[in-house]
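Use these hints to put chain G onto chain B, whose structure you have.
So the sequence lines, in the order shown, correspond to chains B and G. 0 is the number of the first residue of the first sequence in numbering that gives the first Met the number 0; add one for each residue after it. 0 is the number of the first residue of the second sequence in numbering that gives the first Met the number 0; add one for each residue after it.
These aren't lab readings, by the way, just hints derived from the structure by calculation. Mixed in with the good hints, there may be bad ones.
Because identical chains share one entry, a pair is satisfied inside a single copy or across any pair of copies.
[To be verified] As a list, the in silico SDA-like pairs of lysine to any residue whose alpha-carbon atoms are at most 20 Å apart:
1. K150 - N80
2. K103 - P145
3. K121 - E111
4. K103 - Y29
5. K124 - P157
6. K179 - Q153
7. K121 - R165
8. K179 - D141
9. K179 - E1
10. K103 - I163
11. K150 - G47
12. K179 - P88
This one's a predicted model, so the numbers in the text were calculated from it and none came from an experiment.
There are 2 protein chains.
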Amino acid sequence: MERCRMVFSGSGGQGVITATIILAEAAVLYENLNAVQSQSYGAEARGGATRSDVIISDSMIDFPKVIQPNVLVCLTQDAYNKFYQIIRPGGLLVTDTRYVNTQKKVDAQQRELPMFQSVMDKIGKPIVFNICMLGAVIEMVDLIAPEAIMKVLQNRIPPDFLDINRQALDLGRELGMEFKK
Amino acid sequence: MERCRMVFSGSGGQGVITATIILAEAAVLYENLNAVQSQSYGAEARGGATRSDVIISDSMIDFPKVIQPNVLVCLTQDAYNKFYQIIRPGGLLVTDTRYVNTQKKVDAQQRELPMFQSVMDKIGKPIVFNICMLGAVIEMVDLIAPEAIMKVLQNRIPPDFLDINRQALDLGRELGMEFKK
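For reference, chain B alone in the conformation it holds in the complex (with noise of 0.2 Å):
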């Protein structure tokens, strides 16, 4: 397989890096597949935009940070400013319709999403917004079946929240779906 090296962004309480965490132990647990999870802060990183990393390969990973992701998500609109250069090259760039507003050109296949309103409309608790966007991000790559992260999900929070936790999961991938590769 390729590398994938993504990149999820946005503010502090969106929840990115615990979507990446979600993502990686779903990989590795369930996948049989490897993987590397790192958050680096810097002076940058005061000013709001939060960035998560994850590579996840089947073989071994060297060097943990992320320079040009396959797939970048940004949630908020300074994490977009901050982040939409590093795409790779025809890699996945993916937003958030209530939070971005995509002005920049780049070289890559654009996603507008609308996950924050969906989430609020259908299940009405923004605390799932991070999972509704990894539905639509493992809709989208075909990387990690969503049994993966249930699975994680299950390990993770208390039994009464799993059910929201699947809705946000199923609503991101049908935002996903139409844009399948």
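This is chain G only, laid out in the frame that chain B set:
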């Protein structure tokens, strides 16, 4: 300052990843330092021991993976058996007395602390074991103020849970105080 490289290890569910993320955020947001935090998962991760790395520095950090930590925390026997050799000579090796029987010879300051037992005796909630560990580490290493950790926790957890987290942090600090450098 000297760059501080730490590895927290244990089993899934003990919260070692969360603890490193909290520490990294505290360093960056409230201590004006830089931090890189990462998890590297491979075939061995499927065996059991989880490892989470964090590097804290006042200068730029290029390579995010810790090779030889100054501080190594092991919260299970598996984690100890797997990682004890990586401690930097003269470093600090922290283990939990309930979970780890330290039989290996290492060139390090070994601190066996009754963290889990103290949390169960004084607070009764195993979920804050990782915060107690963090309290012990910041007391012994003196790099991040407890108030910085509390500020991160205030942003991350519901107000109802803040009090037991504060208790766990203070409990850890008491256990670490004896070994303050």
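Note to self: At most 20 Å between CA atoms: does that hold for K179 and D141 within a copy, between copies, both, or neither?
What the structure shows: For K179 and D141, only the intra-copy Cα distance (8 Å) is at most 20 Å; the inter-copy one is 50 Å.
Next item on the list: Could you place K103 and Y29 in one of the four classes (within, between, both, neither) given a Cα distance threshold of 20 Å?
Entry: neither (37 Å within a copy, 33 Å between copies)
Checklist line | Alpha-carbon proximity between K103 and I163, which holds within one copy, between copies, both or neither at 20 Å | finding: Neither, since 34 Å and 47 Å both go past 20 Å.
Next item on the list: Evaluate K179 and E1 at a C-alpha cut-off of 20 Å and name the case that applies: within, between, both or neither.
Entry: Intra 17 Å, inter 48 Å, cutoff 20 Å: intra-copy only.
Check: Can you tell me if K103 and P145 fall within 20 Å by alpha carbon in one copy, between copies, both or neither?
Finding: neither (32 Å within a copy, 42 Å between copies)
Checklist line | Copy assignment of K121 with R165, given that the CA separation must stay at most 20 Å | finding: Within one copy only: 12 Å inside a chain, 37 Å across chains, cut-off 20 Å.
Check: Taking 20 Å as the upper bound on the Cα-Cα distance, should K179 and Q153 be classified as within, between, both, or neither?
Finding: Answer is neither: 26 Å inside a copy and 39 Å across each miss the 20 Å cutoff.
Checklist line | Intra/inter-copy verdict for K124 and P157 if alpha-carbon distance must be at most 20 Å | finding: Classified as both; 16 Å inside a copy, 16 Å across copies.
Next item on the list: Measure nothing new, just compare the shortest in-copy and cross-copy C-alpha distances for K179 and P88 to 20 Å and report within, between, both or neither.
Entry: within (18 Å within a copy, 51 Å between copies)
Note to self: At most 20 Å between alpha carbons: which applies to K150 and G47, within, between, both or neither?
What the structure shows: between (32 Å within a copy, 16 Å between copies)
Next item on the list: Using 20 Å as the alpha carbon limit, work out where K121 and E111 are close: within a copy, between copies, both or neither.
Entry: within (18 Å within a copy, 50 Å between copies)
Next item on the list: With 20 Å as the alpha-carbon cut-off, assign the pair K150 and N80 to within, between, both or neither.
Entry: Result: close neither inside a copy nor across copies, 34 Å intra and 28 Å inter.
Figure legend: structure checked against the earlier numbered hints; hints not met, in rising order: 1, 2, 4, 6 and 10.
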